[in-house]
Amino acid sequence: MIALTDQPIDTAALLEQVASPSAGAVVLFLGTTREMTAGRRTTSLDYECYPQMAEKKLAELEAEARRRWPLTGCAIVHRLGRLEIAEASVAVAVSSPHRQEAFEAGKWLIDTLKERAQIWKKQKWADATSQWVHPGLDSANIGGVVPPAQP
Amino acid sequence: MIALTDQPIDTAALLEQVASPSAGAVVLFLGTTREMTAGRRTTSLDYECYPQMAEKKLAELEAEARRRWPLTGCAIVHRLGRLEIAEASVAVAVSSPHRQEAFEAGKWLIDTLKERAQIWKKQKWADATSQWVHPGLDSANIGGVVPPAQP
Amino acid sequence: MSGESMTVRLELFALARQRAGRGSLEMALPRGATVGHLRSNLAARVPELAGMLPHCMFAIDTQYAGDEAVIPAGALVACIPPVSGG
Amino acid sequence: MSGESMTVRLELFALARQRAGRGSLEMALPRGATVGHLRSNLAARVPELAGMLPHCMFAIDTQYAGDEAVIPAGALVACIPPVSGG
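Protein chains in written order, with the working numbering: chain A, 34 to 184; chain B, 34 to 184; chain C, 108 to 193; chain D, 108 to 193.
Derived by calculation from the structure, the hints in this document are not laboratory data.
Think of the CB as a built atom: it goes at the ideal place given N, C-alpha and C, for glycine as much as any other residue.
Just so you know, not all the hints are guaranteed correct.
[Claimed, not checked] With the C-beta cut set under 10 Å, the calculated list includes, among others, these residues of chain A facing chain C:
1) Cys82
2) Gln85
3) Met86
4) Ile143
5) Ile152
With the hints as constraints, model all of the structure from the sequences given.
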């Protein structure tokens, strides 16, 4: 199961989704909005995506994880829109007969999602600037720092 | 936070417990009662522990994990008594600024808990036999197979 | 490449969308134009994008496509800056 | 070791509890007796445990203790079979 949603992620529903009588292990990963990054305070994050490609990519990730590991359940949800501090932006839940596979698959899914899913975040800083995050594209000249709006 | 409990594990409360504005990652592991083991059907499990040593051991594991990794939250709960199929017998929840540490700490905690915590399970099989599980002590002579009670 | 032209719709996201001030553009390109042609035309038409385009990938009808790929008439093209989900 | 004896309470768990038919035993041991002495006395007193005792650890007052450890009078000793939590 994969989903892109602008609603808070329902972790209980995800755990329910991957539960199985054949599962001995469940691993749930949540990516949460961290307040401090390299000493600067974030006040909120905005996520956007290219829906057609992001949905296809998440479905591919689920299929690939199910091929690589003997999973009894797999669910990937990414949230979109405005997130406050400590909210979950992404959740990966997997279950498998034994725990090693659940840890490996959960780790691989979040690592690969972050590399490949067509999703972007904009960080809003406490000084009222905001910045799209584009790894490798952060120099002052081409980076995305936006000064605060003038009153 | 550590707990031994005869109540169903409240995963939402555990996630709440480890949430932190400094956390970028949360990993929750659940060990769940698997129906089939090596082709045999389990109908339920019973867990017992040596409370004084098991509590001390879980607290040591939490302290050791917090020393090894920069955790922003850590919770370990083990359930006791009768568990039905697909119920969680153990839950480990950790949070940290970055995901690598959360995965490592979660994996280490459940691996080490299974090796060291003074907790035992008895498997009840579909053929009405039951068996205490004692790794390394499974030969017919000294193992714990109990025939079904005579009518 | 013939003298006929075609219209291609280009989707923009994140910083590219912000720089361009809009989420999509209609681009008139010669028939047979490639992703490489679109990339050059876009940098000329929206100079604010010129600095970041070398870091972006492009997709034709939701499939990643290299600079040599020919864009079919009526295709939906997307500019995909380095991703940061999770 | 003097001729005096002491009483030690022994806790049993899991298969050991089941084999012994009870969760604890009072054991009379000579003062100065070690975990090794207790192990032998227990195997003799409850033959159903003899097969599994070599696989068990012992703890004195919730601390693991080797066979050479002397058991203090009034100590609480526990027999810890191989664990299977999780």
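*asked:* Name the hints, by number, that the structure is in violation of.
replied: Going through the list in order, the structure violates no hint and respects every one.
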